[in-house]
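> In case you want the letters, here they are:
Number of protein chains: 2
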Amino acid sequence: MPPTKRRERELAERERLIVTAARDLAEAQGWDAVTTRRLAELIEYSQPVLYSHFKGKDAIMAAVAVEGFAEVAEILRTSRTAAADASAALDAVAHAYTDFADQRPATYDAMFTLAVGLPFATPAAPPALREAFGELREAVRPLIGDDDLDVRTEVFWASLHGLTTLMRGGRLRRDGHEQRLALLLEGFGG
Amino acid sequence: MPPTKRRERELAERERLIVTAARDLAEAQGWDAVTTRRLAELIEYSQPVLYSHFKGKDAIMAAVAVEGFAEVAEILRTSRTAAADASAALDAVAHAYTDFADQRPATYDAMFTLAVGLPFATPAAPPALREAFGELREAVRPLIGDDDLDVRTEVFWASLHGLTTLMRGGRLRRDGHEQRLALLLEGFGG
DNA sequence: CTCGTATTCCTAGCACCGCTAGACTCTGGA
DNA sequence: TCCAGAGTCTAGCGGTGCTAGGAATACGAG
Chain A
0 MPPTKRRERE
10 LAERERLIVT
20 AARDLAEAQG
30 WDAVTTRRLA
40 ELIEYSQPVL
50 YSHFKGKDAI
60 MAAVAVEGFA
70 EVAEILRTSR
80 TAAADASAAL
90 DAVAHAYTDF
100 ADQRPATYDA
110 MFTLAVGLPF
120 ATPAAPPALR
130 EAFGELREAV
140 RPLIGDDDLD
150 VRTEVFWASL
160 HGLTTLMRGG
170 RLRRDGHEQR
180 LALLLEGFGG
Chain B
0 MPPTKRRERE
10 LAERERLIVT
20 AARDLAEAQG
30 WDAVTTRRLA
40 ELIEYSQPVL
50 YSHFKGKDAI
60 MAAVAVEGFA
70 EVAEILRTSR
80 TAAADASAAL
90 DAVAHAYTDF
100 ADQRPATYDA
110 MFTLAVGLPF
120 ATPAAPPALR
130 EAFGELREAV
140 RPLIGDDDLD
150 VRTEVFWASL
160 HGLTTLMRGG
170 RLRRDGHEQR
180 LALLLEGFGG
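The listed protein sequences correspond, in order, to chains A and B. Taking numbering that gives the first Met the number 0, the leading residue of the first sequence gets 0, the next gets one more, and so forth. Taking numbering that gives the first Met the number 0, the leading residue of the second sequence gets 0, the next gets one more, and so forth.
Any given hint might turn out to be false.
One side of the interface only, derived from the structure: several residues of chain A facing chain B at Cβ under 7 Å [stated by the list, open to error]:
hint : residue
1    : Trp30
2    : Arg140
3    : Ile143
4    : Val154
5    : Ala157
6    : Gly169
7    : Arg170
8    : Arg173
Simulated from the structure, these hints should not be mistaken for laboratory data. Note that this is a predicted model, so its numbers are computed, not measured. We put the beta carbon where it would ideally sit given N, CA and C, even for glycine.
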């Protein structure tokens with residue numbers, strides 16, 4: 000039946016609308032401002048419609064997070080492959096990562112700070128997330144080799160994560176960011 | 000007047016009671032479970048009494064955070080000074096830091112992840128926080144020297160912070176923690 | 001000892017939150 | 001034309017942080 004197909008498209012479109020509305024509102028005013036009532040008003044439906052698409056607010060945030068994984072994976076890949084050599088690639092990837100966290104803090108929080116109930120370091124993790132981590136790994140590999148590559152990538156990732164979250168929370172001065180990044184890269188053989 | 004003095008003591012004691020009740024409840028059931036109603040019931044007063052001590056829930060969390068700064072400063076100092084040499088000291092400090100974050104996640108979040116409106120990288124920062132950072136710095140100093148000491152300490156701190164928060168959020172497997180810590184310390188000349 | 005005053009505290013309530021039961025409307029097929 | 005079922009909304013539940021305003025209590029003056 001054609002009407003069913005059309006209906007499916009409309010539903011998928013509305014679901015996309017919910018996720019982008021949630022993301023945009025969160026980036027503009029923070030996750031606290033993303034309430035089911037405001038979200039319903041934005042998509043011009045009532046609240047229960049949200050629950051026909053997602054189990055709850057957490058599931059909406061998880062959807063924003065998954066979208067963010069794909070985004071960051073692409074950003075990391077382009078910045079890595081565009082670099083002249085391995086050292087420049089790691090530098091570019093590190094900057095791209097922290098820039099992303101800085102420019103999309105709400106999305107970043109949904110991805111990596113907030114408890115959102117997504118599987119991570121398991122095969123069940125979202126493919127986009129595994130891809131993003133893979134980009135970090137490929138940026139690290141040429142400089143430190145294959146020994147303990149995954150674990151070393153995790154340490155690199157954690158360092159970037161710590162730098163960005165502490166800076167955004169006001170725990171580290173913004174004006175030291177470049178220098179901190181440079182010192183971190185130096186430690187990784189940049 | 001003596002009664003005024005006694006009254007002041009009672010007020011100070013009640014304020015301590017509020018902070019410890021908030022901390023204990025947060026550690027036991029998470030910050031979401033720390034509501035003004037439950038807190039009021041725990042201290043056996045009504046909600047408005049909380050607001051005669053603190054401006055709001057955030058201020059209570061900030062008080063818990065400041066308490067945490069003092070705690071972690073002491074923990075870091077004892078583990079640092081008890082170590083045999085500089086390398087062992089950095090190792091001990093790193094483990095003490097992540098152990099603290101692991102054992103008191105709610106306090107740690109109040110200190111370093113939640114937006115709580117405390118001044119950090121300024122002279123107005125809580126003395127206990129400056130002291131805790133100072134302990135990290137003194138643990139790092141013998142190994143990397145005085146060049147860019149503060150910034151290098153910040154990077155070290157951020158790495159520890161990233162490792163702990165990502166692990167606790169389920170983003171990193173717990174069983175890789177020791178290895179990650181070892182690799183981080185290796186990078187800092189441990 | 002009594003009486004106003006000032007402090008301390010609590011009751012009750014506001015606006016808002018995430019979420020859901022049940023009524024309503026509207027569409028498509030017999 | 002009628003009915004079944006899908007889709008949507010209204011209304012409401014129990015909870016949140018926070019606060020206005022009244023009750024009670026302790027205090028100093030006469």
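> Each hint should be assessed against the structure and marked as holding or not.
How the hints compare with the structure:
1. Trp30: Constraint on Trp30 of chain A not satisfied, violated at 11 Å.
2. Arg140: At 15 Å from the nearest chain B Cβ, Arg140 of chain A fails the 7 Å test, so the hint is violated.
3. Ile143: Result: violated, 10 Å to nearest chain B Cβ.
4. Val154: 5 Å, holds
5. Ala157: 3 Å, holds
6. Gly169: 5 Å, holds
7. Arg170: Given a least distance of 5 Å, the restraint on Arg170 of chain A holds.
8. Arg173: Since chain B brings no Cβ nearer than about 9 Å to Arg173 of chain A, farther than 7 Å, the hint is violated.
Checked against the numbered hints given earlier, this structure breaks hints 1, 2, 3, 8; the rest are met.
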